[in-house]
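Heads up: the sequence shown at position 220 corresponds to 220 in full-length UniProt numbering, and the numbers run straight through without jumps.
Derived from the structure by calculation, the hints contain no laboratory data. There could be a bad hint or two in this list.
Subject to a maximum C-alpha distance of 20 Å in a straight line, what follows is the list of computed SDA-like cross-link-like pairs (lysine to any residue) [said to hold, decoys possible]:
1. 287 / 277
2. 311 / 31
3. 59 / 99
4. 230 / 121
5. 99 / 67
6. 134 / 192
7. 287 / 298
8. 99 / 84
9. 99 / 11
10. 261 / 106
11. 66 / 85
12. 188 / 155
13. 26 / 262
14. 219 / 243
15. 177 / 137
16. 108 / 180
17. 219 / 130
18. 311 / 301
19. 261 / 109
20. 298 / 275
21. 66 / 99
22. 177 / 138
23. 320 / 268
24. 234 / 124
25. 66 / 48
26. 99 / 42
27. 108 / 178
28. 26 / 326
29. 176 / 277
30. 261 / 107
Taking CB as the label site, the calculated pair distances span [what the hints assert, rightly or not]:
31. 56 / 115: 44 to 52 Å
32. 38 / 275: 26 to 34 Å
33. 180 / 81: 31 to 39 Å
34. 210 / 277: 45 to 53 Å
Backbone N, C-alpha and C fix where the C-beta goes; we use that ideal spot for every residue, glycine too.
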Amino acid sequence: MLFDYVRIRFPTTDVQQVVENILQLKLSYFLHEDYGFYSYSEHYALGDIFVLCSHELDKGVLVELKGRGCRQFESYLLAQQRSWYEFFMDVLVAGGVMKRLDLAINDKTGILNIPVLTEKCQQEECISVFRSFKSYRSGELVRKEEKECMGNTLYIGSLQSEVYFCIYEKDYEQYKKNDIPIEDAEVKNRFEIRLKNERAYYAVRDLLVYDNPEHTAFKIINRYIRFVDKDDSKPRSDWKLNEEWAWFIGNNRERLKLTTKPEPYSFQRTLNWLSHQVAPTLKVAIKLDEINQTQVVKDILDHAKLTDRHKQILKQQSVKEQDVITTKKGYLSTIPVDRYPKKDIMGDKTVRVRADLHHIIKIETAKNGGNVKEVMEIRLRSKLKSVLIVQYLKILYNRN
Numbered sequence: 001m002l003f004d005y006v007r008i009r010f011p012t013t014d015v016q017q018v019v020e021n022i023l024q025l026k027l028s029y030f031l032h033e034d035y036g037f038y039s040y041s042e043h044y045a046l047g048d049i050f051v052l053c054s055h056e057l058d059k060g061v062l063v064e065l066k067g068r069g070c071r072q073f074e075s076y077l078l079a080q081q082r083s084w085y086e087f088f089m090d091v092l093v094a095g096g097v098m099k100r101l102d103l104a105i106n107d108k109t110g111i112l113n114i115p116v117l118t119e120k121c122q123q124e125e126c127i128s129v130f131r132s133f134k135s136y137r138s139g140e141l142v143r144k145e146e147k148e149c150m151g152n153t154l155y156i157g158s159l160q161s162e163v164y165f166c167i168y169e170k171d172y173e174q175y176k177k178n179d180i181p182i183e184d185a186e187v188k189n190r191f192e193i194r195l196k197n198e199r200a201y202y203a204v205r206d207l208l209v210y211d212n213p214e215h216t217a218f219k220i221i222n223r224y225i226r227f228v229d230k231d232d233s234k235p236r237s238d239w240k241l242n243e244e245w246a247w248f249i250g251n252n253r254e255r256l257k258l259t260t261k262p263e264p265y266s267f268q269r270t271l272n273w274l275s276h277q278v279a280p281t282l283k284v285a286i287k288l289d290e291i292n293q294t295q296v297v298k299d300i301l302d303h304a305k306l307t308d309r310h311k312q313i314l315k316q317q318s319v320k321e322q323d324v325i326t327t328k329k330g331y332l333s334t335i336p337v338d339r340y341p342k343k344d345i346m347g348d349k350t351v352r353v354r355a356d357l358h359h360i361i362k363i364e365t366a367k368n369g370g371n372v373k374e375v376m377e378i379r380l381r382s383k384l385k386s387v388l389i390v391q392y393l394k395i396l397y398n399r400n
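Let the sequences and hints guide you as you build the complete structure.
Here you go:
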């Protein structure tokens with residue numbers, strides 16, 4: 001399972017605090033643009049990592065990581081020796097409000113046959129609390145002999161709701177975007193759980209509490225849908241679970257794990273554009289220079305001036321991840337314990353997370369004979385090994 005889309009709003013206008021204390025990246029390496037999205041007035045960008053800001057407190061600072069942005073951010077998490085779990089813990093402690101979270105499950109063996117699943121939806125063999133589904137095939141305008149190169153996508157649930165699923169043929173997407181032959185694609189299909197607002201928050205909290213992606217992902221999936229095989233001799237609610245679907249949700253397969261696929265920020269997308277859109281025309285201009293014994297292309301390049309934006313991109317491309325990260329240890333570690341907020345000044349979700357973690361630690365302490373030190377060591381050995389846990393224990397148990 002991968003995180004494939006993360007959008008978080010912070011109730012502050014201090015963009016530097018969000019970037020350097022929570023993302024733990026140096027703002028000086030970000031490219032500033034005086035326009036934004038989603039009604040924000042401006043934004044900062046480091047590759048596909050976007051930070052939108054506003055002078056209005058109710059909008060605050062918005063961090064957006066789409067698929068490529070998540071992969072780039074993972075390269076910085078790796079350099080920080082920090083996990084997604086620790087990042088989300090810092091986010092929630094800072095009062096961050098989850099706006100969207102996409103969990104992507106990659107099907108590398110072709111378990112999910114999307115045309116078959118679509119047909120099951122049409123034949124009422126998808127038992128779901130959702131009331132709608134939508135399917136389409138990419139490339140409907142291609143020639144008849146190219147029909148096998150079309151991709152299938154199935155949406156289950158309303159795209160306007162706080163939770164819906166998107167199942168699509170990842171191999172076709174890679175063929176279309178990167179010209180990778182369909183038979184060579186590592187991932188055949190992808191099942192995306194798309195969550196917004198409260199649903200996104202509860203998914204993050206569940207991941208932090210249980211440290212079990214399998215539990216979190218399939219609890220959501222099983223809550224909303226299951227595919228069955230029609231049996232007219234039985235009531236619909238008693239129809240047998242489809243065998244391929246049973247395999248996908250966990251029967252007789254390895255446990256699902258949270259994985260990362262760090263990809264450093266690169267200039268490749270611009271180079272691809274140059275290759276496809278500019279290079280042919282440039283080659284014609286160079287050939288004309290050769291024919292006419294002129295140097296028009298050279299003169300154009302010699303007189304081209306780099307703007308501040310271009311210089312910032314050069315700066316971004318010339319450094320390693322280690323140079324871009326800050327040395328922060330987590331948001332909570334920047335707050336002295338005696339000044340830790342006792343009231344709900346950072347948003348109601350912060351209090352709820354503190355209460356949840358307090359409850360978890362109390363249970364674990366009871367199981368370990370009241371030994372807080374042992375509980376601390378257990379939590380530090382887990383993926384939640386952030387200094388944040390130590391700070392919580394100090395606060396909750398008044399330990400030094």
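Against the structure, the hints come out as follows:
| no. | hint | in the structure |
| --- | --- | --- |
| 1 | 287 / 277 | holds, 17 Å |
| 2 | 311 / 31 | holds, 10 Å |
| 3 | 59 / 99 | holds, 12 Å |
| 4 | 230 / 121 | holds, 11 Å |
| 5 | 99 / 67 | holds, 16 Å |
| 6 | 134 / 192 | holds, 15 Å |
| 7 | 287 / 298 | holds, 12 Å |
| 8 | 99 / 84 | holds, 16 Å |
| 9 | 99 / 11 | holds, 13 Å |
| 10 | 261 / 106 | holds, 12 Å |
| 11 | 66 / 85 | holds, 18 Å |
| 12 | 188 / 155 | holds, 17 Å |
| 13 | 26 / 262 | holds, 19 Å |
| 14 | 219 / 243 | holds, 19 Å |
| 15 | 177 / 137 | holds, 16 Å |
| 16 | 108 / 180 | holds, 15 Å |
| 17 | 219 / 130 | holds, 16 Å |
| 18 | 311 / 301 | holds, 16 Å |
| 19 | 261 / 109 | holds, 19 Å |
| 20 | 298 / 275 | holds, 19 Å |
| 21 | 66 / 99 | holds, 13 Å |
| 22 | 177 / 138 | holds, 13 Å |
| 23 | 320 / 268 | holds, 16 Å |
| 24 | 234 / 124 | holds, 14 Å |
| 25 | 66 / 48 | holds, 7 Å |
| 26 | 99 / 42 | holds, 19 Å |
| 27 | 108 / 178 | holds, 18 Å |
| 28 | 26 / 326 | holds, 6 Å |
| 29 | 176 / 277 | holds, 17 Å |
| 30 | 261 / 107 | holds, 15 Å |
| 31 | 56 / 115: 44 to 52 Å | holds, 47 Å |
| 32 | 38 / 275: 26 to 34 Å | holds, 32 Å |
| 33 | 180 / 81: 31 to 39 Å | holds, 32 Å |
| 34 | 210 / 277: 45 to 53 Å | holds, 48 Å |
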